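Participant: Sequence:
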Amino acid sequence: MKLLFLLLTLTSCFAVLAKDKKPKTQPNVLLIMVDDLNDYVGFLGGHPQTKTPGMDALASESVVFTNAFSNNPICAPSRASFFSGLYPHTSKNFGFKKFQKNPTLMGSKTMMEMFRSNGYTVVGAGKLMHHHDKKLFDEYGDKSDFGPFPWNGEKISGHPSVPEAFRNVGTLDGSFAPLTDIPEVNGYKGWYDKQNGWPITVKPFKYINDDNRDKMPDEVKAANIKNYIKKFEKSNSDKPFFMAVGFNRPHTPLYVPQKYYDMFPLESVQLPQMLSDVKKINYYTQKQGNNGHKGTEHFTKLIEGFDGKKEYALKKYIQAYLACIAFVDDQINDVLTTLKESEFAENTIVVLVSDHAYEMGDKDYLYKNALWDNATRIPMIIHEPGMKKTQKVDQPVSLIDIYPTLVDLCGLKGSTIKNEEGRPLDGNSMQPLYNNKAGSWEGKEYALSAVTGGQGDVVKRNHFSIRTKEYRYIRYANKTEELYDHTKDPNEFNNVVDDPAYAKVKEQLSNQLLQEIGLAN
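The sequence shown maps to residues -18 to -1, 1 to 503 in mature numbering (1 follows the signal peptide of the UniProt record, and there is no 0).
Take the hints with a grain of salt, since some may be wrong.
Straight line, CA to CA, 20 Å or less: simulated EDC-like cross-link-like pairs of lysine to aspartate or glutamate [as the list claims (entries may be wrong)]:
hint, residue 1, residue 2
1, K33, D346
2, K171, E146
3, K297, D346
4, K488, E403
5, K137, E95
6, K171, E136
Label pairs and their computed distance ranges (CB to CB) [what the hints assert, rightly or not]:
hint, residue 1, residue 2, range
7, K79, G152, 12 to 22 Å
8, S217, G396, 41 to 51 Å
9, A147, D120, 38 to 48 Å
10, Y170, P35, 34 to 44 Å
11, M88, D120, 18 to 28 Å
Source of the hints: derived by calculation from the structure; they are not laboratory data.
Treat the numbers as computed from the prediction; the structure is a model and nothing was measured.
Glycine included, every Cβ here is placed at the ideal spot set by N, Cα and C.
Use the sequences and the hints to build the structure in full.
Facilitator: Pasting the structure below:
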């Protein structure tokens, strides 16, 4: 009888607890952001040899946006635009100024603030906003880290195995090597971790072999997110979560374990189709004096460093880029596997995007910060609970559309404007593009991208492009133009802006662009 009474009492207690516990009515969100990732992923087919089984598996049960673009193809302004939901020309934030000093951005809720105001627990790790602000999160793991690096006794250094001409373009952008290539710089041999703080401290990064080494920064970020998933399971909280992770690779320097290099034997690496006559392209960067000159400089220095052997030099670089993509794909797969094995598998929206893409030498340009497809077209995936197969959307969309899509999918309430300096979201929910019950697409028929044209935030100093399904139109600050017909020229090799047959197309796209950015007469 005592045992029966105890069982009845426990059953009654569990029933009361179950009754008091509110069921989650809003989905969780896992946002994965990959730095500098172009279309070299299996589900977009940008390179035939890429190995991305983790991302491909996610794509196989998600919506894949095949014409998705960055709104500003360089890190800081792209991320400020993405997380605020505002175009660069709306906020006047085109460059690397801290977003915390921009009145429009500070007057508008970031994505994280919007989720927190709707009762979500918000956590993150890695590179999300370029200028980190921990106040936007309830909890944060490790911050952005591009290491490990060679060390010359005073500061981080380029890798000594990289030819000096290319190494001199910068510690970040001018280095690539497998971890087995142990650097020796000014008597300091080995990889070193640069620790944030004051004063900066440096510690050795242990590397014996691929199986006996310290974790790479992206592996640490993956572990952070896996721990958050397990922590939320143990907490048994009824609060939904917004969880974001930013992986650094394949951002330079292109350092990853040897096994990832081995996946792409150098002699068999395939090169992109190359443009033989680069004179057809308007190199705005050489005329405007901004960061874009790095693309032509990096290309020239890479080839120079390998004694003018263009194909060999590009194979070396693309091998390293593919290796870094394979590496980060393993980290993404690790996180997704943990999510699938958790209790949140059936109630979590997964979003995967890149902040921008990367030109791989096809226009004698090796960098980001350009307005062509290869620098702006990004992977974009949205998985909703219950999706079991791929849906492809070819409507041009951009990063600006993710924020309103999540507001829609998660049923978030309230304004995204904090004060009179703020602005409403510029993008539109993409749900109508793949969900027939959600109404019609209210967005534009083109995606807008911009890059900075120099100092200052005045719109007319900057360069802009719009991309429709059929065309890309570019307008530089000095009013030179480019026009590409993607129905005939998917590589954007033939600038037809002066072809009379395209006069009406040019006029229409020019008017649309000027109207969009507020420069129409």
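Participant: The structure should be examined with respect to each hint, and the outcome stated for every one.
Facilitator: A quick look at each hint next to the structure:
no.: 1; hint: K33 <-> D346; in the structure: violated, 25 Å
no.: 2; hint: K171 <-> E146; in the structure: holds, 18 Å
no.: 3; hint: K297 <-> D346; in the structure: holds, 14 Å
no.: 4; hint: K488 <-> E403; in the structure: violated, 35 Å
no.: 5; hint: K137 <-> E95; in the structure: violated, 37 Å
no.: 6; hint: K171 <-> E136; in the structure: holds, 13 Å
no.: 7; hint: K79 <-> G152: 12 to 22 Å; in the structure: holds, 20 Å
no.: 8; hint: S217 <-> G396: 41 to 51 Å; in the structure: violated, 25 Å
no.: 9; hint: A147 <-> D120: 38 to 48 Å; in the structure: holds, 47 Å
no.: 10; hint: Y170 <-> P35: 34 to 44 Å; in the structure: holds, 37 Å
no.: 11; hint: M88 <-> D120: 18 to 28 Å; in the structure: holds, 20 Å
Taken one by one, the earlier hints fail for this structure at numbers 1, 4, 5, 8, listed in ascending order.
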